[in-house]
Amino acid sequence: MPKLKIDGLEIEVERGTKVIEAAARLGIIIPRFCFHPGLGPVGACRVCAVKFEEGPVKGVQMSCMTDAQDGMVVSTTDEEAADFRKHVIEWLMMNHPHDCPVCDEGGHCLLQDLTVAGGHGIRRYLGKKRTYNDQYLGVFVQHEMNRCIQCWRCRRFYQEFAGYRDLGALQIAHHTYFGRATDGQLESPFSGNIIDICPTGVYTDKPSRFTGRRWDFERGPSLCIHCSLGCHIITSARYREMTRLEARFSESVNGYFICDRGRYGFYYTNHPERPRRARIRTEEVSLDQAIQTAAQKIIQINQKNGPKAIACLGSARSCVENQAMLIRFCRVQGWNEPTYFETPTMAKKVKRAVARLDEQLAVSMREIEKADFILAVGADPVNEAPMLALAMRQAFRNEATIVVIDPRPVFLPFEFEHLPVAPDDLEPCLTALIKGAVHRSAAEKMGEEALRFYDTAPAEYPDAPIKNRMVKITQKLRQSRYPVIICGTSIVRETTPDVAADSALLLRAARGRAGLFYLMSEANTFGAALLSSEEGSVMDVVESIEKGSVKGLMLVESDPFRSFPDYERLKQAVDKLDLFLVMDYLPSFAARLAHLFFPTQTLFEMETSFVNQEGRVQFATSAYRGGIPISQISAGGHPLRVFRRDIPGGESQPAWQILAKLANIISLPGREMFSLSKNELWSWIAKEYPIFANVPIADELPDDVRVHLAQGREKLFPSGGQIRSGGLSRENSTLELVMGDWTFGTEELSTYSKYLQQVEKEPCLFMSPKDASMLGLKDRERITLPLDKGRLEMELRIVDTMAPGVIVMPKHRQLAWQKIEKWPVKVAMGQIRK
Amino acid sequence: MLSEELLEPLQKRIAETDHPRELVVDIMLALQNHHGYLSDQAVEEAARLLDMTPLEIEELATFYDFIYREPVGRFVIHVCDGVVCWMNGYDSVLNHLFKKLGIKPGETTEDGFFTILPTACIGYCDLSPAMLINGRAYGPLTPEKIDGILDRLRSEAPPPRMAR
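Top to bottom, those sequences are chains A and B.
For the first sequence, position 555 matches number 951 in our numbering, and the numbering has no gaps at all.
For the second sequence, position 141 matches number 149 in our numbering, and the numbering has no gaps at all.
Check each hint, because a few of them may be wrong.
[To be verified] Within a straight-line C-alpha distance of at most 25 Å, the following computed SDA-like cross-link-like pairs (lysine to any residue) qualify:
(1) A/K1185 <-> A/S940
(2) A/K525 <-> B/D73
(3) A/K524 <-> B/K112
(4) A/K868 <-> B/P167
(5) A/K1166 <-> A/G1117
(6) A/K872 <-> A/D768
(7) A/K1185 <-> A/K1150
(8) A/K1157 <-> B/T61
(9) B/K112 <-> A/H571
(10) A/K1157 <-> B/M60
(11) A/K524 <-> B/N103
(12) A/K524 <-> B/T61
(13) B/K112 <-> B/R162
(14) B/K20 <-> A/D1196
(15) A/K524 <-> B/P113
(16) A/K524 <-> B/G114
Think of the hints as simulated: they come from the structure by calculation, not from any bench.
Start from the sequences and build out the full structure, keeping to the hints where you can.
Written as structure tokens, this is what we have:
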């Protein structure tokens, strides 16, 4: 490994490391505009010049374009190099407008910083500056091309890193223009990153324009909870309002970037209708009063109907603390344990996934970038967990083969092999690939169970066109050195997470190394699966209410109306309740119906932790102290001129603290009292769930702690002998309905964002050309779809990238998709009409 | 829309190529020859033919000097803007053209005959100062020679379709 000296400090780096990176490791940050650690070098801006004093390279050279080599002696402070950099800055400033005071980038602008640092204070150039017309780039990004210094970061990210094709470099030389062919919303769901990486104010954050300078904001590290990946973010808040999110670097999870759902999904926390006061029915009361009233009610019900007469629903969007405290609450009270999952099937799938993930198989998102073969089963990354698509794209750029087995019309921003098969055929299709690539001897070495799995799994896929394509794919898989299986948990069958894990084990036995990566539906699905023991469902609860055995229902950050199939039935059940208690921060439907409502804090207002889909326990600090945004109180005018000690609208508390207070009132003498200390709660968690014992409760934010259940105890290859042959489910008279996610419009929290609402696409039903022609339906026709509990009307889209025998629909905010009673849904063909 | 006559050979060539993107310059030139310049519509057409986005076509179209994204005259005079021509009288050639045609760089004469576009070195240093008109090189240029060339072109060619 090359050893070199930079500013008198010695460092040894891997071959291929650029001098600018080697210096950064020593803590020496060489000025840069075009170089970005996530995008690599390009040598466009010339500002990273340093002096090479000794070694194979001599003189002033670009540190981003020069590989670190043995014997190099580099000076970053050399007079000649510093003078060179100063002139580079001066020429970059020639065309740059002097609009820093009114520029939204001012205060966190790399160009501004380096201009000051480079000592360029007086403009010598008096001529005209080059000017451009700006473009409308949509809801998120404000364009101001005059400020451009041609570093190419935006295009390199947009096209090369992310793979989208509607923003690029136009014109030539000093006319170079970065923009779109025509005005319009940027098509990439990662477009916001060009704001973060632009070294100056060409692209600025549109929703947060004119809200403040960097130093005006309360800023802090936090987590994105708009999917299960748990990307790292930086929050900015001002005047009691969450203002802006940026990507925060994470070595294992998201790297340098985040998606637009994560970046602009946070507006639920500022939602004007967000309930901020405790309520008894419609009357606003103090939180303490509501807790007292709730306690009395609960005691009454418990005395009259027993401890099982109150049911609790939690959710997978809640943090570990809230989920754990709800369980602790129920256990101490002797109630039934809370339910966290919409359906028992979902609970089972997720629990299987959580059970099978172990330290050897689990890969982080950044590790996926290093895979040379990715096999995604029942996963639609761009729509379910957008940043995963970017990780897969980096693998693709490193020449990985990427195969997606999924019935939906999956789009990814790179070339991949899509095997569109029905949900029932996902497993046989996967095992056929594995058997084609793994020799039987590998399974034999793993023991009897593995061999049974191997021998009984279908080796062939019956469908000829797909079978033919699989030949080439298995060849590639046979040669791969590091295959990774990605397995979704939303549309797959209950057994699929196990089959994926067993396939990964076989691959590892055959190839020496393999990874497994599950996708889950929400930010803390993994936490819910780890903590919860019961497998009850919302349906069970509703039935118990109807039977009269449950008299009280407590919802903690859960809105069953979002997913329950029969709206009327749920509403009638709720009307029957003696006590309907809701704790939430969303203006949800359930919150409106609550007899007793408690406002809880969002992620941005509390210290919390979430477990992402690979079992990584991650922490977030609070961004601000909450309360009603000043903009909403003053309606644009001056804030109220009154003195008060509290924060207006700042009554919200973490749900777990409300639960603790409630428990302490209703608990009988002698029972355990709950503390309001987070550390105490965490020690309870560590005691009850030993896998959490290693999680440090510290002020800094560790993100390298993973919790995995599987420690050699889990039964491997449980689905041996149970995987059916493929192609059997093909009945010509029915179509299976598959519900999917969309990047925008389906994830609960982000659907409350007024900015994301503007970029949502209209919901539609996807159908294969084969089925559409049998039904005589045409593309873009309005159709009606009969479901268990009513009809849905929407546009039909005919796409040839999906499985025949299947129809696909998003769980879209604008669609009353909940009208489904029983999964899987089969729709008789003749019933889909114009 | 493009005629079948124009489209068919292009589609055939695209079908025969492993990486159709390689043909992007050829396709842009073919469409430019058809439309007179690479119109917005032609950009869309090229994108469709090559399975590229309009932006990707535009990136290349605006990069190349010989792809015209605006209407040009019947004859496009690319005056060589290279070092050798500078030494041998580029300025006087350019000035003579401006004076004779009454237009500035990037403009087209009112009768729609001529457009002047200075261009990076065209490689005819042996003929410097040189210019290219619709693909044909002329030089070494003198004011008299230029007058002769322009007068001949104007008298021999049919009047332009798109007089401005």
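For each hint given before, does the structure comply? Return the numbers of the non-compliant ones in rising order.
Those not satisfied are hints 4, 5, 7 and 12.
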